[in-house]
Amino acid sequence: MTAHITGNTTSNAAADGTRQVTGSRGTSVVLQNLSRAFGATKALDGLSIEMAPGELVALLGPSGCGKTTALRIVAGFEIADSGSVLVDGKDISTIPAAKRDMGMVFQSYSLFPNMSALDNVAFGLRMRKVGTVNRRKQAGELLDMVGLADQARQYPHQLSGGQQQRVALARALAIEPRVLLLDEPLSALDAKVRLQLREQIRTLQQRLGTTTLFVTHDQEEALSMADRVGVMSQGKLEQIAAPDELYDHPATAFVAEFVGVMNRLPGELQSGGMVTALSSTVPVMNPDADVSPGPVDVLVRPEGLAMQVIENGNGIVTTRTFLGSVTRVGVLLSGDVTVQIDKPSSEAAALAPGTSVSVSLPPEPVLVTHRR
Numbered sequence: 000m001t002a003h004i005t006g007n008t009t010s011n012a013a014a015d016g017t018r019q020v021t022g023s024r025g026t027s028v029v030l031q032n033l034s035r036a037f038g039a040t041k042a043l044d045g046l047s048i049e050m051a052p053g054e055l056v057a058l059l060g061p062s063g064c065g066k067t068t069a070l071r072i073v074a075g076f077e078i079a080d081s082g083s084v085l086v087d088g089k090d091i092s093t094i095p096a097a098k099r100d101m102g103m104v105f106q107s108y109s110l111f112p113n114m115s116a117l118d119n120v121a122f123g124l125r126m127r128k129v130g131t132v133n134r135r136k137q138a139g140e141l142l143d144m145v146g147l148a149d150q151a152r153q154y155p156h157q158l159s160g161g162q163q164q165r166v167a168l169a170r171a172l173a174i175e176p177r178v179l180l181l182d183e184p185l186s187a188l189d190a191k192v193r194l195q196l197r198e199q200i201r202t203l204q205q206r207l208g209t210t211t212l213f214v215t216h217d218q219e220e221a222l223s224m225a226d227r228v229g230v231m232s233q234g235k236l237e238q239i240a241a242p243d244e245l246y247d248h249p250a251t252a253f254v255a256e257f258v259g260v261m262n263r264l265p266g267e268l269q270s271g272g273m274v275t276a277l278s279s280t281v282p283v284m285n286p287d288a289d290v291s292p293g294p295v296d297v298l299v300r301p302e303g304l305a306m307q308v309i310e311n312g313n314g315i316v317t318t319r320t321f322l323g324s325v326t327r328v329g330v331l332l333s334g335d336v337t338v339q340i341d342k343p344s345s346e347a348a349a350l351a352p353g354t355s356v357s358v359s360l361p362p363e364p365v366l367v368t369h370r371r
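Per numbering that gives the first Met the number 0, residue 0 is the first one in the sequence shown, and the count goes up by one each step.
Calculated from the structure, these hints are not laboratory results.
Here a beta-carbon is modelled for each residue, glycine too, at the ideal position from N, C-alpha and C.
Be a bit skeptical, because a hint or two may be false.
[Claimed, not checked] For lysine-lysine, the following DSBU-like pairs were computed, each having C-alpha atoms within a straight-line distance of at most 30 Å:
1. 89 with 41
2. 41 with 98
3. 98 with 235
4. 136 with 98
5. 128 with 89
6. 342 with 191
7. 98 with 128
8. 235 with 41
9. 191 with 89
[Stated by the list, open to error] For each label pair, taking beta carbons as the anchor points, the in silico distance ranges come out as:
10. 89 with 293: 46 to 56 Å
11. 83 with 219: 27 to 37 Å
12. 40 with 275: 20 to 30 Å
13. 256 with 89: 13 to 23 Å
14. 333 with 87: 50 to 60 Å
15. 76 with 308: 17 to 27 Å
16. 189 with 128: 31 to 41 Å
Let the sequences and hints guide you as you build the complete structure.
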């Protein structure tokens, strides 16, 4: 059976006769200058985000950065000290959580242990006074959609962690929420299940066109699933951008080092937006940064450094870590600076520890920050 979701979605017959579900107009969500303090701790400090209808935005950041507080304010579980949440242009800041028409999936699944998978999924529909026949039909279709039709009669303790989380996702979607909120829903799962489930969540979200806010501390999850990723630090939004933009053009040193791996090299900032490091002078990516000419740190990705084997070079290979098609090579430079450089594994075979190499900067713009 292929699911047919009603309400804010439409169903179209494909050429092969199957039913395909696509989202309709979707829902816009705006977080407007949200602030929230817990005693002396500022959890949110003027957070503003605009989400387009049907968009999946991930909030990424370390523990305590405010991402979960933002999610709970959108859900109605927390009240902001100032600012507002707008859904399709309407301020819902004073509307109780139960009346916000949002689906939420928690890290801990939060299933009712005394209910079968089918009854868990149907619970929200029952609260909305949907008739028994219709709610069981809709719940069954949702379980089918997440691949658990055969487990409909099983109870949570009879299901694996990944299966429980899929039931929780189906339950959140059963009420056809205007907005789907995901609070680190995959962090308790093992790596293989996490990978499978994040792909399934993304596929469902795109299929249904549900505007989704996803909170995670896992950068791989955020970059692989989201249309845009917002990186948060100490209650503030450092940058929000598409995953490739975030990785290739980080706006701040915090974003650069939090998203992916980043090398720090000593450099000398010149006037005119140029910086010298590793005997090369290259353009600065962030010429407006609050950094004065003089000693700085230059931030470069492992794939952004050039390296070749040469006698009496400026570095010595210290480690070699096989990562599949890429091998990450550790190099000790003069001045006790260690960098990580990614090379195709086919080329890295000759780079045994102790090999003398020359490391240089290609003529690409780099990010600079205050010397650590």
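Tested hints:
Between residue 89 and residue 41 the alpha-carbon distance is near 26 Å, which keeps this suggested pair within the 30 Å criterion. Distance hint between residue 41 and residue 98 is fulfilled; the C-alpha atoms sit about 28 Å from each other, no more than 30 Å. Simply put, residue 98 and residue 235 have alpha-carbon atoms about 28 Å apart, close enough for the 30 Å limit, and the pair holds. Distance restraint check for residue 136 and residue 98: the Cα-Cα separation of roughly 24 Å lies within the 30 Å cut-off, and the hinted pair is therefore satisfied.
Taken as a hint, the residue 128 and residue 89 pair is honoured in the structure, with Cα atoms around 26 Å apart against an allowance of 30 Å. Restraint check for residue 342 and residue 191: the C-alpha separation of about 26 Å stays at or below 30 Å, so the hint holds. At roughly 14 Å between alpha-carbon atoms, residue 98 and residue 128 fall within 30 Å of each other, so this suggested pair holds. Taking the CA atoms of residue 235 and residue 41, the gap is near 10 Å; set against the 30 Å cutoff, the hint holds.
Restraint check for residue 191 and residue 89: the C-alpha separation of about 40 Å exceeds 30 Å, so the hint is violated. Checked against the hint of 46 to 56 Å, the C-beta distance between residue 89 and residue 293 comes to roughly 51 Å, which is consistent with it. The hint said 27 to 37 Å for the Cβ distance between residue 83 and residue 219, and at roughly 32 Å that hint holds. Roughly 41 Å separates the CB atoms of residue 40 and residue 275, a value that falls outside the hinted 20 to 30 Å.
Taking 13 to 23 Å as the suggested C-beta distance range, the pair residue 256 and residue 89 does not conform, at roughly 39 Å. The supplied range of 50 to 60 Å is met by residue 333 and residue 87, whose beta-carbon atoms lie about 59 Å from each other. Hint check: residue 76 to residue 308, Cβ distance near 57 Å, so the stated range 17 to 27 Å is violated. In this structure the hint that residue 189 and residue 128 lie 31 to 41 Å apart at CB holds, the actual value being about 39 Å.
Consistency with the previously given hints fails for numbers 9, 12, 13, 15, ordered from lowest to highest.
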